[in-house]
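Whole structure, please, built from the sequences with the hints as guidance.
Below, each chain spelled out in residue letters.
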Amino acid sequence: MTMADGWQIIQGNLDAFLAAAGVTVQVAVFGLAIGFAGGVLLALSRISSFKPLSWLATIYIEIIRGTPLLIQIFFIYFGFGAISPLLNFNALTAGILALGLNSAAYQAEIIRGGIESVPKGQMEAARSIGMTRMQAMRHVILPQSFRLMIPAMTNEMVTLIKDTSLVSTITVVELTFVGKQLTSRYLEAVPILGFVALIYLVMTFATSRAMRYLEHKYRIPGYGEEE
Amino acid sequence: MSQEEMIRAVNIHKSFKGHEVLKGIDLSISKQEVVCIIGPSGSGKSTFLRCLNRITEPDEGEVLFEGKSIMGPEVDIDEVRSHMVMVFQSYNLFLHLTAKKNIMLALEQVRGMEKDEADARALDALRRVGLDGKADAYPGQLSGGQQQRVAIARAIAMEPKMVMFDEPTSALDPELTYEVLDVMKKLAYGGMTMVVVTHEMAFARDVADRVVFMDQGVIVEEGDPNIIFTNPQNERTRQFLKRVLQDEPGPPPA
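Taken in sequence, the protein lines are chains A and B. When we follow my numbering, the leftmost residue of the first sequence carries the number 4, and every step to the right adds one. When we follow my numbering, the leftmost residue of the second sequence carries the number 24, and every step to the right adds one.
Heads up, a few of these hints could be off.
Capping the alpha-carbon separation at 30 Å, the derived lysine-lysine pairs in BS3-like fashion look like this [claimed, not checked]:
1. B:Lys91 with B:Lys46
2. A:Lys165 with A:Lys220
3. B:Lys184 with A:Lys123
4. A:Lys220 with B:Lys209
5. B:Lys157 with B:Lys184
6. B:Lys40 with A:Lys123
7. A:Lys123 with B:Lys124
8. B:Lys184 with B:Lys209
If you are wondering where the hints come from, they were derived from the structure by calculation, not from laboratory data.
Structure follows, in structure tokens:
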């Protein structure tokens with residue numbers, strides 16, 4: 004086995020790799036989107052003054068964060084169908100849903116943390132000049148908290164991209180699945196899995212660079228630089 | 024100063040965690056009057072100020088603004104607050120907005136102004152506090168004194184009927200307080216109704232129409248600053264003034 008042999012296997016299966024990478028991106032993007040929408044709802048529920056809503060959100064977040072993602076994926080793919088035929092999802096849908104519902108719990112905590120790290124005086128100043136709670140949230144609190152959230156959100160995005168490999172266990176034909184398949188066909192783990200890992204690395208690196216750019220672009224001059 | 028009443032607080036009570044901070048405060052302020060509230064830390068003066076616009080909800084009592092109660096559920100408290108704006112000890116400028124945008128936000132959101140009009144109004148307000156050159160600076164790029172002047176500009180741009188100041192110079196380095204006090208003086212001489220919680224005794228003496236001394240949740244004494252500062256009637260007032268006037272530089276009371 005030479006470098007050239009390994010390269011030949013990769014070249015010969017490039018289409019399969021690219022298609023699989025496409026599926027990985029699809030799972031990651033939809034998972035993050037569901038996670039963000041769910042995260043905003045959960046975060047607002049948690050800080051709501053309506054206690055039952057706050058409790059429900061807390062319970063959901065604790066269950067998701069306290070159990071393995073792999074079990075959650077299995078639960079949605081194998082378990083939900085048993086509850087109701089309507090919840091009988093195909094592998095891709097189940098995988099996206101599981102990652103999204105999982106990420107929602109983590110993003111909720113990031114968003115809540117972001118909102119709560121905006122100084123209390125900001126809301127007071129907005130309210131005392133006559134803005135409604137909604138106006139204050141929208142124009143004063145959220146714009147500041149989204150900036151504060153960027154580093155933690157970057158972590159969550161990178162984690163989720165890597166966690167998409169878990170949906171290979173429920174037969175979603177994404178990168179890890181294809182990597183395993185080709186490895187058992189050619190019995191050449193190093194070049195194949197190495198290439199798979201490289202593709203993940205490109206995705207996570209591009210994501211963190213893009214987020215770094217956003218952080219820089221939306222940096223507030225003088226913010227956090229006071230003594 | 025006119026005799027017409029701007030705001031009246033009736034029997035305001037407030038407790039935090041079983042500790043009674045305000046034990047029944049009554050105070051009436053006339054239009055164009057400047058009232059300074061002084062007193063030791065923990066006397067409840069800031070809490071009382073915050074009860075006036077219900078940023079802190081009083082447990083008991085009533086506030087009447089221009090003769091109308093602002094307590095009931097039918098009251099549009101946001102509308103009321105936009106006419107009696109507040110300036111805070113820690114400035115509380117919106118940190119993600121420039122000085123000008125800080126002023127424009129409420130003009131657009133609360134007053135429903137068009138952008139151009141709000142822009143012109145904001146610049147005019149900045150000019151009045153001497154900071155039109157800093158329109159595009161962010162709060163983090165301004166000194167404490169400048170931030171507080173922007174906060175005052177943000178307040179007066181609303182053309183409020185009254186401005187409440189909550190220890191506006193307490194967070195400032197001594198050499199920066201005068202620029203803020205200067206702006207406040209101008210505002211007072213321009214006829215603005217002002218309630219000022221302050222530790223600046225010289226300001227209270229020079230600018231206030233009336234000084235209110237609070238201690239342990241009650242108004243102990245109130246009256247003309249010349250009388251309060253030279254001949255306080257109550258022993259607690261005397262003790263307090265003796266303590267604070269000792270470390271105060273400047274001329275003795277006239």
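Hints versus structure:
no.: 1; hint: B:Lys91 with B:Lys46; in the structure: 23 Å, holds
no.: 2; hint: A:Lys165 with A:Lys220; in the structure: 26 Å, holds
no.: 3; hint: B:Lys184 with A:Lys123; in the structure: 26 Å, holds
no.: 4; hint: A:Lys220 with B:Lys209; in the structure: 40 Å, violated
no.: 5; hint: B:Lys157 with B:Lys184; in the structure: 26 Å, holds
no.: 6; hint: B:Lys40 with A:Lys123; in the structure: 20 Å, holds
no.: 7; hint: A:Lys123 with B:Lys124; in the structure: 20 Å, holds
no.: 8; hint: B:Lys184 with B:Lys209; in the structure: 16 Å, holds
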